[in-house]
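Since the structure of chain A is provided, determine the placement of chain B on it from the hints.
Protein chains: 2
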Amino acid sequence: MDGKRILVQKFGGTSVADTEKIKNVARRIAETRSKGYHVVAVISALGDTTDRLVELAYQITPRPRAREMDMLLATGEQISVALLSMAMHELGHEAISFTGAQVGIVTDSAHTKAKILDVKVGRILEELEKGSVVIVAGFQGVSLDDQITTRGRGGSDTTAVARAAALGAEVCEIYTDVDGVYTADPRLVPEARKLSRLSYEEMLEMAATGARVLQLRSVEFARNYGVVIHVRSSFSQEEGTWITEEDERMEKAIISGVTHDVSEAKVTVFDVPDRPGVAAALFKALAAENINVDMIIQNVSENQRTDISFTVSKEDLQKAEEITARVAEELGAGGVSVDRDIAKVSLVGAGMRTHPGVAADMFAALAENDINIEMISTSTIKISCVIRAEDVEKAVRAIHAKFGLDRGVVMRA
Amino acid sequence: MDGKRILVQKFGGTSVADTEKIKNVARRIAETRSKGYHVVAVISALGDTTDRLVELAYQITPRPRAREMDMLLATGEQISVALLSMAMHELGHEAISFTGAQVGIVTDSAHTKAKILDVKVGRILEELEKGSVVIVAGFQGVSLDDQITTRGRGGSDTTAVARAAALGAEVCEIYTDVDGVYTADPRLVPEARKLSRLSYEEMLEMAATGARVLQLRSVEFARNYGVVIHVRSSFSQEEGTWITEEDERMEKAIISGVTHDVSEAKVTVFDVPDRPGVAAALFKALAAENINVDMIIQNVSENQRTDISFTVSKEDLQKAEEITARVAEELGAGGVSVDRDIAKVSLVGAGMRTHPGVAADMFAALAENDINIEMISTSTIKISCVIRAEDVEKAVRAIHAKFGLDRGVVMRA
Numbered sequence: 001m002d003g004k005r006i007l008v009q010k011f012g013g014t015s016v017a018d019t020e021k022i023k024n025v026a027r028r029i030a031e032t033r034s035k036g037y038h039v040v041a042v043i044s045a046l047g048d049t050t051d052r053l054v055e056l057a058y059q060i061t062p063r064p065r066a067r068e069m070d071m072l073l074a075t076g077e078q079i080s081v082a083l084l085s086m087a088m089h090e091l092g093h094e095a096i097s098f099t100g101a102q103v104g105i106v107t108d109s110a111h112t113k114a115k116i117l118d119v120k121v122g123r124i125l126e127e128l129e130k131g132s133v134v135i136v137a138g139f140q141g142v143s144l145d146d147q148i149t150t151r152g153r154g155g156s157d158t159t160a161v162a163r164a165a166a167l168g169a170e171v172c173e174i175y176t177d178v179d180g181v182y183t184a185d186p187r188l189v190p191e192a193r194k195l196s197r198l199s200y201e202e203m204l205e206m207a208a209t210g211a212r213v214l215q216l217r218s219v220e221f222a223r224n225y226g227v228v229i230h231v232r233s234s235f236s237q238e239e240g241t242w243i244t245e246e247d248e249r250m251e252k253a254i255i256s257g258v259t260h261d262v263s264e265a266k267v268t269v270f271d272v273p274d275r276p277g278v279a280a281a282l283f284k285a286l287a288a289e290n291i292n293v294d295m296i297i298q299n300v301s302e303n304q305r306t307d308i309s310f311t312v313s314k315e316d317l318q319k320a321e322e323i324t325a326r327v328a329e330e331l332g333a334g335g336v337s338v339d340r341d342i343a344k345v346s347l348v349g350a351g352m353r354t355h356p357g358v359a360a361d362m363f364a365a366l367a368e369n370d371i372n373i374e375m376i377s378t379s380t381i382k383i384s385c386v387i388r389a390e391d392v393e394k395a396v397r398a399i400h401a402k403f404g405l406d407r408g409v410v411m412r413a
Numbered sequence: 001m002d003g004k005r006i007l008v009q010k011f012g013g014t015s016v017a018d019t020e021k022i023k024n025v026a027r028r029i030a031e032t033r034s035k036g037y038h039v040v041a042v043i044s045a046l047g048d049t050t051d052r053l054v055e056l057a058y059q060i061t062p063r064p065r066a067r068e069m070d071m072l073l074a075t076g077e078q079i080s081v082a083l084l085s086m087a088m089h090e091l092g093h094e095a096i097s098f099t100g101a102q103v104g105i106v107t108d109s110a111h112t113k114a115k116i117l118d119v120k121v122g123r124i125l126e127e128l129e130k131g132s133v134v135i136v137a138g139f140q141g142v143s144l145d146d147q148i149t150t151r152g153r154g155g156s157d158t159t160a161v162a163r164a165a166a167l168g169a170e171v172c173e174i175y176t177d178v179d180g181v182y183t184a185d186p187r188l189v190p191e192a193r194k195l196s197r198l199s200y201e202e203m204l205e206m207a208a209t210g211a212r213v214l215q216l217r218s219v220e221f222a223r224n225y226g227v228v229i230h231v232r233s234s235f236s237q238e239e240g241t242w243i244t245e246e247d248e249r250m251e252k253a254i255i256s257g258v259t260h261d262v263s264e265a266k267v268t269v270f271d272v273p274d275r276p277g278v279a280a281a282l283f284k285a286l287a288a289e290n291i292n293v294d295m296i297i298q299n300v301s302e303n304q305r306t307d308i309s310f311t312v313s314k315e316d317l318q319k320a321e322e323i324t325a326r327v328a329e330e331l332g333a334g335g336v337s338v339d340r341d342i343a344k345v346s347l348v349g350a351g352m353r354t355h356p357g358v359a360a361d362m363f364a365a366l367a368e369n370d371i372n373i374e375m376i377s378t379s380t381i382k383i384s385c386v387i388r389a390e391d392v393e394k395a396v397r398a399i400h401a402k403f404g405l406d407r408g409v410v411m412r413a
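Chain order of the listed sequences is A and B.
Okay, so the first sequence: first residue is 1 according to the working numbering, each after it adds one.
Okay, so the second sequence: first residue is 1 according to the working numbering, each after it adds one.
In isolation and in its complexed conformation, chain A is listed as follows (with noise of 0.2 Å):
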C-alpha cells in the first residue's frame, strides 16, 4: 500500500434509506478521503428493503427456506452498494461495488445466521491502491460450497468490524441514527448523556443487555482483533462514542448506563429431578438448536426436586418451549410453563468490580418503586435484573435517577 491510512465506515440502513442520504453518504466518504485517508465502506439495504422482501416471500409460504431467504434477502445490499458506487462516480471519485462473495467474506452454512470464517482483503487492496473507495455489502457473505448466505440483522456491524481488522484500519466508524451511545435509551429517560468513551467490556455489556446501537458480536470481535469502534451519527459532524481498550485516559465511570431489553421472553420446567445431567441435558438439546440461552436460574432444591427457569428471545421462544417440553417428559419433570411479558433491566459499569455496594443499590432502586425482581444475573461489570415488562420504563428512569447518571459522571474514587 502507499503508506495512507486506511478507514472502514459503515452505515446502516437508515443512512441510506432513499437516494437523497445515499448522495449525503458519499459526500461523507469523499470528505473523509480529502483527509487522506482509504475509504472502505460497509453498507446495508436501504430502508425498509429487507421488510418488503421478507413480506414477498411470506406471500409465497409460511415457511421459505433459510437457503432462499439468504439468496433473496443478499439483493437488498447489492442494490444499495451499487448505488453508492454510482454516488461516489458522480461526485467524481473513483469507487467500485463488491458483492459479500466477490471480496470474499467466507462464512459457514449456517443460512441466516452465519458466522466468518475468513475474510479476505487481496481484492480490497488491489482496489484501494489504484485509487478507488471499496463499497462492500454488509451482512452477505459465501460458504465454501459457494452458497450466498447472510449474517442476520446487525450482521454488517461484525463485517464492518471484521473488515476494519483484516486490513489493519486505524478506525472503524459505525454510523447509525443516534449520535452514540448513551447512559440509557433516551426515549425512556430524557435525562440521559453521551457517552463519549466505553471499554470494550462495558459496551460488550451494554451489547448483550439491550443497547440497540452495536451488535454484540461485533464488539466481541472488535476486542478481539483490538479494533478501535467510533459510533456516530450519519446526520451530523458531531464526534460519538468511541470504544477502545480501558486505557488510563478514559473516564474512570463507575457505571455506564442502564439498559432495558423486553425481547426475551421466560421458560420455566417445573418439578425437575434434581441430579447431576439435567441442566445439561435440557440445555445441550437447546443448543443443538441453535438456540441461545440468555439467563438460567435454578432453585434451591426441595425434596430432590426443582425448577428451573431460562430466558431466550421471543424469536426462537416457539422452538425453545417444544425442545423443553420434550426433554421436561424424558426427565419426568412437572410441567414447562412460558411468560412473555417480562423484561429485563441491567446496570453496566467497569467501576462496578470495585464497588460492592452497587447491587444492593439497584436493587433497592427497584424496591422503592414497588417493582418485584424475578431473576437476578451478574457479572463483574453488570447486574441484571428480570422484571414484568409493564414496569420496564418506571425501572430504567428510577435506576438512572438513582445512580445520579443524570447529573454528570459518577467518578471512580
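Some hints here could point you the wrong way.
[Unchecked claim] Listed next, the in silico EDC-like pairs over lysine to aspartate or glutamate satisfying Cα-Cα at most 16 Å (straight line): (1) K194/B with E238/B; (2) K120/B with D146/A; (3) K120/A with D146/B.
[Claimed, not checked] Partial list, computed: chain B residues near chain A (C-beta under 8 Å): (4) T19; (5) I22; (6) K23; (7) L53; (8) L56; (9) Q59; (10) R65; (11) E68; (12) M71; (13) L72; (14) S85; (15) H89; (16) S97.
For the record, the hints were derived by calculation from the structure and aren't laboratory data.
Glycine included, every Cβ here is placed at the ideal spot set by N, Cα and C.
Structure of chain B alone, referenced to chain A:
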C-alpha cells in the same frame, strides 16, 4: 443422469409479475415434472423491477456506469429465482435457485450487453440428479474476472436456449404473454393467425425484422445447436409455436408473416466520394463502438460522388450520428442527416425462394395504399421496406391482406 428427459422452461417478466403469478409458474413446473421431466427453469425479474431499479440509478446520476448497472440490475432476477424456489417448496417439490455466477454462465466483460463465452452444467446436473428443480437467473452472468454482467433485455431467452443446448434438453419452452408467433402483430391486424410451426430461418428473419416474441440471438443459438423451441403462453395450456429445423412435415406456407419495427432511425451521409474503402471506413468506425447497423443503401454514383444511408437502433442513434459526422468530415463528404420518423415493414417466408413474384406483390400492396418506399433490403426469405413511421399500420394491414394471410395458409406449389 437417470435417463429422465430434461425440459428447459423460460418465464419472462410478465409471467412472474407478482407472487400470485410466481405460484402459477410453480404449478406449471410441477405439472411438467409429473409428466416425468427434469425441469430447469430460467426466469426474469418480477414485472417492473428492472424499471424501478433503473429509476433509482438515474435518481443518483444521469451517467451510471455499466459495471454498476449490472450489479444493480442483477438483483431483480435474484429476487425472482429465490421466490420461485420457495413456491416450489411450498408445493412439496425440491428446488434450488442459482445466480448466473453460481451456475457458470461465463460471459465477456461487455457490461449490460455481455456475450456468453461458456455455459457450465455440472452444478445443474448434480441438482437435477438429486431430484431438484433448478431455477436459474436469466439475463445475468459472470465475467472471467468475477464481475457480475448482464446480457441486456431479452438476454434471458438466449440464456435459456444456451442452457438447453448444453444440457441436451428435449425442448426449450419460452413462456410469454402471447400464445405464439403470429402472421402479424395482432394489435395491428386483428385477423392475424397463430403459426403452429416455423423454421429457424423464418423465425430469424421474423425476429430480425421486428417480431418481439423471441430475441434474435436466442434463435441463432437454437439453430446453431439444434435446440427445439416452443413459444407459448404462461396463462394457457394451448400449444404455441414450435421453432425447429425445416422438415417435411412442416406447413409449406409461402409466407410466414408480416413484421414491423419502429425502433430504428435512418442516417444519411450526402455527397461522399465514391472510391474503394469509403464504406469500410464508416462501418468499421461504427462497429468499433458496438453499433449494430441494420439496412445499408448506397445510391448509384454520379460524378464520382454518392449518398450512403443506413439504419440503426434509436438507442444508438446519438453515438452513431457523432461517429458518422466525424468520419464524413474525414472523407470529405457533403454532410450528415438523421431521420427518426421511419418504420420498417417486412415480409418473411421460406417459400419466397421459389416464388419470384412475392416482392412485386408487396411493393404493389404499398403503392395501392399510397405508401412511399424509401429503402429496400432483401434476403432469400425476406423483403424489408423502410417507409414513413405514420404509414406503418396501414402498410402491415395492406400486406397481410394482399397475401391472404388472414384467410389461412398459402401453401407452396
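Results for each hint:
no., hint, in the structure
1, K194/B with E238/B, "holds, 11 Å"
2, K120/B with D146/A, "holds, 15 Å"
3, K120/A with D146/B, "holds, 15 Å"
4, T19, "holds, 4 Å"
5, I22, "holds, 6 Å"
6, K23, "holds, 7 Å"
7, L53, "holds, 7 Å"
8, L56, "holds, 6 Å"
9, Q59, "holds, 4 Å"
10, R65, "holds, 6 Å"
11, E68, "holds, 5 Å"
12, M71, "holds, 4 Å"
13, L72, "holds, 4 Å"
14, S85, "holds, 5 Å"
15, H89, "holds, 6 Å"
16, S97, "holds, 5 Å"
Violated hints are absent here; each numbered hint is respected by the structure.
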